[in-house]
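Asks: For reference, the chains in residue letters:
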Amino acid sequence: MKKILSGFFAVSLGCLSLPAFAAGDAVELPEQEWSFDGVFGTYDKASMQRGFQVYQKVCSACHSLDLIAFRNLTDLGYNEDEIKAIAAEYTVEDGPNDEGEMFERAGSASDRFPAPFPNEKAAASANGGKAPPDLSLMAKARVGGPDYLYGLLTGYEDAPADIDVGNLSYNKYFPGHLISMSPPLFGDDVEYGDGTEATVEQMATDVSHFLMWAAEPKLEARKQTGVKVMIFLIIFTLIMYAAKRKAFAKVH
Amino acid sequence: MSFKSNNKVVQWVEDRLPIISVMHHSIYEYPMPKNLNYLWNFGSLAGFALVTMIVTGIILAMQYTAHVDLAFNSVERIMRDVNNGWLIRYIHMNMASFFFIAVYIHMFRGLYYGSYKAPRELLWQLGVVIFLLMMATAFMGYVLPWGQMSFWGATVITNLFSAIPIVGENIVTWLWGGFSVDNPTLNRFFALHYLLPFIIVAVVMLHLIALHTVSSNNPLGIDMKGPQDSLPMQPYYTIKDLLGVGVFLIAFSVFLFWAPNYMGHPDNYIPANPLSTPAHIVPEWYFLPFYAILRAIPDKLGGVLAMFGAIAVLFILPWLDRSPIRSCKFRPMARIFFWIFLINGLALGYLGGQPAEGVFVIASRIATAYYFFHFLVLMPFILPMIERPRELPSSIHEAVMKS
Chain U
1 MKKILSGFFA
11 VSLGCLSLPA
21 FAAGDAVELP
31 EQEWSFDGVF
41 GTYDKASMQR
51 GFQVYQKVCS
61 ACHSLDLIAF
71 RNLTDLGYNE
81 DEIKAIAAEY
91 TVEDGPNDEG
101 EMFERAGSAS
111 DRFPAPFPNE
121 KAAASANGGK
131 APPDLSLMAK
141 ARVGGPDYLY
151 GLLTGYEDAP
161 ADIDVGNLSY
171 NKYFPGHLIS
181 MSPPLFGDDV
191 EYGDGTEATV
201 EQMATDVSHF
211 LMWAAEPKLE
221 ARKQTGVKVM
231 IFLIIFTLIM
241 YAAKRKAFAK
251 VH
Chain A
1 MSFKSNNKVV
11 QWVEDRLPII
21 SVMHHSIYEY
31 PMPKNLNYLW
41 NFGSLAGFAL
51 VTMIVTGIIL
61 AMQYTAHVDL
71 AFNSVERIMR
81 DVNNGWLIRY
91 IHMNMASFFF
101 IAVYIHMFRG
111 LYYGSYKAPR
121 ELLWQLGVVI
131 FLLMMATAFM
141 GYVLPWGQMS
151 FWGATVITNL
161 FSAIPIVGEN
171 IVTWLWGGFS
181 VDNPTLNRFF
191 ALHYLLPFII
201 VAVVMLHLIA
211 LHTVSSNNPL
221 GIDMKGPQDS
231 LPMQPYYTIK
241 DLLGVGVFLI
251 AFSVFLFWAP
261 NYMGHPDNYI
271 PANPLSTPAH
281 IVPEWYFLPF
291 YAILRAIPDK
301 LGGVLAMFGA
311 IAVLFILPWL
321 DRSPIRSCKF
331 RPMARIFFWI
341 FLINGLALGY
351 LGGQPAEGVF
361 VIASRIATAY
371 YFFHFLVLMP
381 FILPMIERPR
391 ELPSSIHEAV
401 MKS
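Residue numbers (the working numbering), protein chains in the order written: chain U, 1 to 252; chain A, 1 to 403.
Each hint should be verified, as a subset may be incorrect.
To be verified - Straight line, CA to CA, 27 angstroms or less: simulated BS3-like cross-link-like pairs of lysine-lysine:
#, chain 1, residue 1, chain 2, residue 2
1, U, LYS250, A, LYS8
2, U, LYS218, U, LYS45
3, U, LYS140, U, LYS172
4, A, LYS225, U, LYS246
5, U, LYS218, U, LYS228
6, U, LYS223, U, LYS140
7, U, LYS250, A, LYS225
8, U, LYS121, U, LYS140
9, U, LYS140, U, LYS130
10, U, LYS246, A, LYS8
11, U, LYS84, U, LYS246
12, U, LYS228, U, LYS140
Honestly, the hints are just simulated from the structure, not real lab data.
Produce the complete structure using the sequences and hints provided.
Replies: What follows is the structure, given as structure tokens:
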């Protein structure tokens, strides 16, 4: 019976560790150490603020961030006034007003980030035929998550001699290697407010960190809840185990 | 009924509706074999998972919008703006997988200990019906977030019906409610995804009535012969089931809180796009063995028939296995072939997740052939010829005392 149980156990564990989908021709990603990894992982607010800066100065020229509202930036450590100020830098379309006209006004905390292009066709036509994808969920929508984003942003290199890249770029980590996005980061693309040196690696780390938050804003609450639930469950299970032992003690 | 209560209200109800004595009889004093091992926990765990799915599902339905333009963002709104929405949605997502884990272990336990044999044939068949309903429900549930895998999974699976001769194309159009997977498809999938779990509950009730009529099988596979062989459900198996729930929830929580997307596919965080096909369309992990069987047959209709046949064969299993001995404990050959079958099933699961090319196709064909060989040739014809079962103990009590 023990043997059968352990057999079933091994098998069910085996099921879980099976890679459920094809890895394809992906190159091994450069695994980074993230503060949000691990049992007690949390986001690094300074890194997210820097990453947000990179998003604003670089990514947002082409990429939308549809699911994020300015008010969500409290998670990055900004206070209400700072968020109002950030939102006010943007112009959003509102309306129709009482005359039936659409009008433009300064953004407020409840607005979402305005997209750089009015629609997908416009985005595609301005970017060589391929619309830049929305970044809200990017850190969950690719195999490898933030490691993949970091890899992609730092993985541009010269194509091997036998590959004709045309008007595309060559990227070590992009599936198929030929990517429409030209290298976005060159170093010192932004001037960090906190004095951190804006190397390509630093910016890639920060913006990946920021995008992980954008994709999974409840990660900290999730892990903290998990620790509490786990403590409860372990105590509950131990009590049940003791009760079961006691109930069965007299059974022969 | 021997049931009498000192409480006047209880007795008043009981005299008019015997619900209290029925409950007393079937979840309190109900006699169960005293030698059940922990593999007998997975039935109650599956029931626990079903209730969890229904409760979280109803809450999600209050916030979800079944429309192709709104579904994806309504799920993201649940994840971001609804209080504890992320928790409810991740529970629903991950418990679906754990429901299948519990049910697969429950089924393999039944296979190993011969729980499908007389007089438990109907009990087993009702279980197969539940399994089929679960697969339909899970498939339609996966379509609801309207991500890339939702859309393309729905397209691939509904297209299977086009393999039916002559009327196939018409059936697919009828299933879709249009000429492609679109808003009518999403709407009906939502309606059915909400309906089917309650049908599952009804079949579970029948499953339990059948169980309580024939009583539980046990690791020895011999019948209970008297009170010395059994224990009442309360407190013995209620407490053991609760211990099982505790361990199950610990394993579940590891995924829920630290790897909630591990068993999902990243592509489903990309909104559905009918103009862009993902590189590999893969179903959820619990469908992979059947997906491998589907793709192993080079002919479309043949593949569909093989896939449904893989489940249909479970339906007639009680008559394919001709050995009078239930438990593999006393069947030295059947035991070996059980493990080979299990490994073969896992191999099918692995192959279902690989691209359908090269060596994977050949391996899928071998594994598919073995799956049917096990049920259709080995069990009814070869095992009875080569196997000499070991001697059965005379009673559960005697066997327990000896060990």
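Asks: For a quick check of understanding: which of the numbered hints are violated here, in increasing order?
Replies: 1, 10 and 11
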